[in-house]
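Make a model of the complete structure from these sequences and hints.
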Amino acid sequence: MTITKIETRHGVMAVDDSATDGFPVVFIHGNSASRSIFRHQVDADWAGDYRMITLDLLGHGDSEDARDPEAAYTQNGYADAIVDVLTELGVERAVVVGWSLGGHIALELIAKFPGLTGIVVTGTPPANPETLGDAFNAGDGLSIGGTEVITAQEAELYARMTAVPFEQSALDAAIRTDGRARKIMFDAFGAGRESDQKALVATASVPLAVIDGAEDPFVNTSYVASLTFANLWEGTYHLIPGVGHAAFWQAPEVYNPLLRRFLGNFAK
Numbered sequence: 007m008t009i010t011k012i013e014t015r016h017g018v019m020a021v022d023d024s025a026t027d028g029f030p031v032v033f034i035h036g037n038s039a040s041r042s043i044f045r046h047q048v049d050a051d052w053a054g055d056y057r058m059i060t061l062d063l064l065g066h067g068d069s070e071d072a073r074d075p076e077a078a079y080t081q082n083g084y085a086d087a088i089v090d091v092l093t094e095l096g097v098e099r100a101v102v103v104g105w106s107l108g109g110h111i112a113l114e115l116i117a118k119f120p121g122l123t124g125i126v127v128t129g130t131p132p133a134n135p136e137t138l139g140d141a142f143n144a145g146d147g148l149s150i151g152g153t154e155v156i157t158a159q160e161a162e163l164y165a166r167m168t169a170v171p172f173e174q175s176a177l178d179a180a181i182r183t184d185g186r187a188r189k190i191m192f193d194a195f196g197a198g199r200e201s202d203q204k205a206l207v208a209t210a211s212v213p214l215a216v217i218d219g220a221e222d223p224f225v226n227t228s229y230v231a232s233l234t235f236a237n238l239w240e241g242t243y244h245l246i247p248g249v250g251h252a253a254f255w256q257a258p259e260v261y262n263p264l265l266r267r268f269l270g271n272f273a274k
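First residue of the sequence shown? That's 7 in my numbering, and the numbers climb one at a time after it.
Bear in mind the hints are in silico, worked out from the structure with no lab data behind them.
Owing to the predicted nature of the structure, the values given are computational and were not obtained by experimental measurement.
Take the hints with a grain of salt, since some may be wrong.
What the hints assert, rightly or not - No more than 25 Å apart at the CA atoms, straight line, and that leaves these computed lysine-lysine pairs for DSS-like:
no., residue 1, residue 2
1, K118, K204
2, K11, K118
3, K118, K189
4, K189, K204
The structure is reproduced here in structure tokens:
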């Protein structure tokens with residue numbers, strides 16, 4: 007992978023790019039995480055068939071903190087910065103794989119990136135301010151995810167809830183994250199500063215794969231199952247039994263074949 011620092015309208019982002027001739031696949035991580043969470047995908051034996059691109063959101067990992075946090079630390083702000091990254095890399099068409107916050111950003115890209123060929127979301131219930139209470143399971147983890155200043159103990163609890171099995175890198179990512187990113191993002195989502203994603207998935211023609219862990223502590227999977235999708239891949243909400251919030255991390259042996267099947271259909 008070639009590691010690059012790319013200037014965007016909101017700050018400099020760290021990007022890993024396999025730079026192969028394969029179809030581009032862009033991975034967007036979740037709140038208080040980093041691009042390393044997609045290790046089981048970018049290091050897979052089939053990854054060389056695709057141009058694998060991972061990045062750290064602003065305020066996360068090796069990327070800069072945002073220069074204008076109020077503008078940058080929203081789902082739309084993150085999406086704008088990612089468009090800048092793709093433009094700099096010369097990527098005109100891509101599949102986007104988003105986890106949690108990354109999935110919400112992927113949905114915002116529908117209106118911003120004309121080359122969006124397909125989307126895979128995990129741990130991402132499409133919602134609007136009126137449905138947030140139904141879409142997510144309330145609890146300590148969700149509360150921490152929207153809090154600016156957190157303790158070391160809260161950071162560890164969050165890392166352990168979001169990414170099973172736990173690794174130190176997940177805790178390091180949570181500690182590194184600019185706390186303003188958590189609070190501003192949560193506040194913006196609740197205030198309706200993002201798209202109505204429930205309505206968006208009911209009308210968007212972009213093929214959308216939804217792959218969740220059946221035991222996700224954050225997502226109300228019954229809510230997701232109740233939604234109307236205009237172009238749900240295989241007409242199926244894929245739930246992986248016994249798996250939590252990061253299915254691609256916890257059960258790559260189940261998740262990766264689904265991802266490969268999706269890419270085989272749309273990334274030609």
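Practice task
Would you list, in rising numerical order, the hints stated earlier that this structure does not obey?
Solution key: none
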